[in-house]
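**Q** Each protein sequence line maps, in turn, to chains A and B. Everything in the first sequence is counted per this note's numbering, starting at 10 for the first residue and increasing by one. Everything in the second sequence is counted per this note's numbering, starting at 10 for the first residue and increasing by one.
Honestly, the hints are just simulated from the structure, not real lab data. Small disclaimer: the values here were computed from a predicted structure and weren't measured. Any given hint could turn out to be false.
No copy is singled out in the list; a pair is fine if it fits within one copy or between any two copies.
Unchecked claim - Within a straight-line C-alpha distance of at most 35 Å, the following computed DSBU-like cross-link-like pairs (lysine-lysine) qualify: (1) 92 to 152; (2) 161 to 67; (3) 201 to 92; (4) 129 to 26; (5) 124 to 221.
There are 2 protein chains.
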Amino acid sequence: MNPMSTQLIDYYAAEDKIHIATDCIIFGFDNESIKLLIFKRRVDPFKGQWSLIGSFVKATESVNDAAKRVLTEITGLENVFMKQLKVYGGVDRDPGARCITVGQYALIRIEEQDKTLVEKHGAVWHDLHEIPDLVLDHNTLVKDALVQLKLKASYQPIGFELLPKKFTIPNLQRLYEAIYQKKFDDRNFRKKIIALDVLTKLEEKDKSTSKKGAFLHKFNKEKYNKLVNRGINFRL
Amino acid sequence: MNPMSTQLIDYYAAEDKIHIATDCIIFGFDNESIKLLIFKRRVDPFKGQWSLIGSFVKATESVNDAAKRVLTEITGLENVFMKQLKVYGGVDRDPGARCITVGQYALIRIEEQDKTLVEKHGAVWHDLHEIPDLVLDHNTLVKDALVQLKLKASYQPIGFELLPKKFTIPNLQRLYEAIYQKKFDDRNFRKKIIALDVLTKLEEKDKSTSKKGAFLHKFNKEKYNKLVNRGINFRL
DNA sequence: ATAATAAACGTATTTTATACATTTATAAAA
DNA sequence: TTTTATAAATGTATAAAATACGTTTATTAT
Chain A
10 MNPMSTQLID YYAAEDKIHI ATDCIIFGFD NESIKLLIFK RRVDPFKGQW SLIGSFVKAT
70 ESVNDAAKRV LTEITGLENV FMKQLKVYGG VDRDPGARCI TVGQYALIRI EEQDKTLVEK
130 HGAVWHDLHE IPDLVLDHNT LVKDALVQLK LKASYQPIGF ELLPKKFTIP NLQRLYEAIY
190 QKKFDDRNFR KKIIALDVLT KLEEKDKSTS KKGAFLHKFN KEKYNKLVNR GINFRL
Chain B
10 MNPMSTQLID YYAAEDKIHI ATDCIIFGFD NESIKLLIFK RRVDPFKGQW SLIGSFVKAT
70 ESVNDAAKRV LTEITGLENV FMKQLKVYGG VDRDPGARCI TVGQYALIRI EEQDKTLVEK
130 HGAVWHDLHE IPDLVLDHNT LVKDALVQLK LKASYQPIGF ELLPKKFTIP NLQRLYEAIY
190 QKKFDDRNFR KKIIALDVLT KLEEKDKSTS KKGAFLHKFN KEKYNKLVNR GINFRL
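Please take these sequences and the hints and turn them into a complete structure.
**A** So this is what it looks like as structure tokens:
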């Protein structure tokens, strides 16, 4: 028998049964617009309806691990950028039972996903401007995650999580234009990005969008960490 | 009987029992340094140890309402600024049982608290630099909340939540100096704050710290909201 | 060779941030 | 009642960053 006194058991038994889940707001970028990965539920409740990808949290895993688990199940990806958004803890948010959910947003490189796996689960990338009605309060989670993404992108270089490992400066600009929904001056954008000194320019060129071709770059995490440690903060 | 099918009941019963709590990281400011409100637990487990103020979430209340409830119980205050920090969902964070907690930080005007009530609960304000060892992972919650406070203070005027309704510009400066742990040039600080145009200058003066006296100001939320709506973001 | 075009580079102007000096209002001391 | 002391308030010159906009370059297709 475990050493806890009856008093302790009472303490932990005092509160009421609440189910705890986590839902992933999965963002991707296809060099045109921000995409969201959602799927059509194949089981009840809400069978056939569009939904974020989530799961109940198991007793044997942390909340964050639960989110990682479902993300890997669906996309085949590991070590994905993921951050807690917030807890949706309203009493009536799920008509079926008292369920709270931890919203977590993930940024993935679409081209690295396991396409077969994604399709197998009935998951589909939707343009952010064409998100259908989702189950429960999931549309709210998406809206909140987008606000968070915009905010976070303004002081941390999370944008790089959405681009291929190698990308051009125009690629990066298009990404930020998609995030902020506004055009940047290409000359000033380039100047600012280069001034940050967190990119490594490669010899290679990407000629898919122009005759001249654009040099590929890699994000230099070391340089970025040095920046942060010196107390300087990325701002676009 | 309720209309849910057995299948649905199974669905919601599928996951394992996890307890859900919320803990408040309560900050105050006494015109010198940032303070944290903690208390000595009077019941087991952890009886006699310092702890954040928290509670299990009841089936009849939202997660946010649970935090508001405990805050009001202890301080007598309502309508307090409070924001979710993050979920602490590790499997082993509580040795007694599988418990996850939602950390929420609150900013209160110390002088508005119900001092008797606070004392009755054994709660004590501690200088941020003199926080004792807390129960479970509560020291981590405090550390994380402080990072969040600094970050948030840099793009939203949450500082005003910690000051009395009427305050002087030197008061405000001392607050930001306490948050960022660095001195600002008083001439430039004043210039920036006034340029933001979110303060209303009153006729009244506070003469407690100088012969000349300093004009009292009020935070003008309307002007601030207009700023935000125009897409301009407060930055100190 | 020439045209077409995205990519890359450059420069002038405005705005904002920083560094530092001076004046002002007031209570208490001389 | 003048003088002194001091926080509060105002001012100004310089440096840095953001913005607006013009030009050159490398390459493929005509």
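**Q** Looking back at the numbered hints, which does the structure fail to meet, lowest number first?
**A** none
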